[in-house]
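**Q** Sequence:
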Amino acid sequence: MKFLYVAPRYHTNQIPIMEGLKGQGHQVSFFSHYAGKIEDYSCLTPEIIGYSPLFLLVNKLYVHIFHKKNALAGDWKLRFGFPPIIKMYRRIKKEHPDVVIIRERSIYSVITYLICRVLRLQTILYNQSPVYENVKRDTAHRIIKKLTPKVRMTPVMGTPGEGKEKEPYVFFVPFVMEPACGPEEKRYCPDGTVRIFTVGKYEKRKNLLMIARVVKQLRMVYNIHLTITGECTSKAQQNYYDMIQKYIQENNLEDWITLRRNLSRKEMDQAYQETDLFVLPSTMEPASISQLEAMAFSIPVICSDSNGSACYVENGHNGYLFKDNEEESLKEAMEKILKDTELLMKMGRNGYKDVKEKYQFENYYEGICKCICCQEE
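Just so we're aligned, residue 17 is where the sequence shown starts under our numbering, counting upward by one.
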């Protein structure tokens with residue numbers, strides 16, 4: 017089969033999927049809205065379709081004139097940006113894929129989907145809304161659903177409960193993660209220090225200041241060191257980075273906290289190799305693959321209970337969940353692991369086993385085949 021993915025950018029977590037599909041003998045293409053600052057094209061080079069000249073003009077006015085003081089104004093293009101329609105039509109027609117997978121319910125995706133309908137192509141929606149969710153049935157949501165594929169796949173399970181339901185054409189398709197370092201190869205706490213690692217763009221919702229405050233308290237009891245790394249490519253991100261750096265200096269935490277920026281894939285792998293405990297303190301996180309990246313290196317994981325990827329973390333098995341945005345809850349979760357090295361290693365082993373058994377390409381492929389078969393019925 018011939019697969020075409022259309023998404024804002026080519027993310028690192030796409031690599032094992034692209035490799036897996038190619039390994040199965042399929043052809044794969046990837047159209048992206050734009051190129052990210054840090055991308056790995058070792059498996060596949062995406063084609064940058066870009067945005068319509070009309071939208072670029074509107075965007076320039078919006079970002080540089082009407083909202084020039086808002087450092088995050090540029091993010092609006094993810095929801096409201098639209099492609100050069102004729103170019104997109106011609107490229108999809110020439111590619112003529114068997115299946116098109118589009119990302120999110122955005123204007124860009126609506127136009128892409130309508131093109132696919134004209135060309136009579138099977139189309140699947142990928143987003144990170146949970147399988148079990150509060151289904152909205154107001155007029156606006158009904159319209160947008162009509163303008164996007166009915167078959168949806170998501171790596172977020174969510175929790176069944178009051179008011180939450182699974183729609184008939186929604187399928188759980190997990191993130192894919194290749195095992196990286198088994199527990200038998202892992203050297204935990206080599207000098208008696210528990211090495212804590214946090215990943216996240218340098219922005220407020222990543223709660224990097226919160227974990228810095230927690231480490232300030234825990235260092236009085238435990239032998240620990242925290243490394244924070246993340247994307248720092250915009251002015252807003254640089255300002256947040258500077259704020260964290262100032263906090264570290266004002267509290268004399270240089271021996272306990274290290275900040276890093278814009279690491280390559282190779283550098284990230286090395287950082288995970290040298291990590292004993294992974295903590296993701298962010299809030300408003302639809303889903304993140306970094307928990308699985310840590311588990312692939314036999315590292316226990318702590319993240320908030322509101323994180324979309326919380327479904328990959330089982331309390332007491334491969335890590336702990338803490339109450340979203342609650343500093344004391346985060347501290348308690350970290351202490352449970354810091355005070356018991358044997359538990360830390362056991363959770364690392366369990367996480368690695370989960371990656372090998374539940375989150376391989378075969379699991380993803382099984383899910384996507386269900387999506388395709390559902391359309392053919």
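Don't read these hints as lab results, they were simulated from the structure.
Mixed in with the good hints there might be a few duds.
Said to hold, decoys possible - Pairs of lysine-lysine residues, derived as DSS-like cross-links and limited to a Cα-Cα distance of at most 27 Å, are as follows:
{"id": "1", "residue 1": "K386", "residue 2": "K362"}
{"id": "2", "residue 1": "K232", "residue 2": "K38"}
{"id": "3", "residue 1": "K38", "residue 2": "K374"}
{"id": "4", "residue 1": "K166", "residue 2": "K152"}
{"id": "5", "residue 1": "K202", "residue 2": "K38"}
{"id": "6", "residue 1": "K372", "residue 2": "K352"}
{"id": "7", "residue 1": "K38", "residue 2": "K339"}
{"id": "8", "residue 1": "K355", "residue 2": "K232"}
{"id": "9", "residue 1": "K38", "residue 2": "K182"}
{"id": "10", "residue 1": "K262", "residue 2": "K251"}
{"id": "11", "residue 1": "K18", "residue 2": "K232"}
{"id": "12", "residue 1": "K180", "residue 2": "K202"}
**Q** Take the hints in turn and mark each one as holding or not.
**A** Results of checking the hints against the structure:
no.	hint	result
1	K386 <-> K362	violated (34 Å)
2	K232 <-> K38	violated (47 Å)
3	K38 <-> K374	holds (20 Å)
4	K166 <-> K152	holds (14 Å)
5	K202 <-> K38	violated (31 Å)
6	K372 <-> K352	holds (25 Å)
7	K38 <-> K339	violated (40 Å)
8	K355 <-> K232	holds (16 Å)
9	K38 <-> K182	violated (31 Å)
10	K262 <-> K251	holds (16 Å)
11	K18 <-> K232	violated (52 Å)
12	K180 <-> K202	violated (41 Å)
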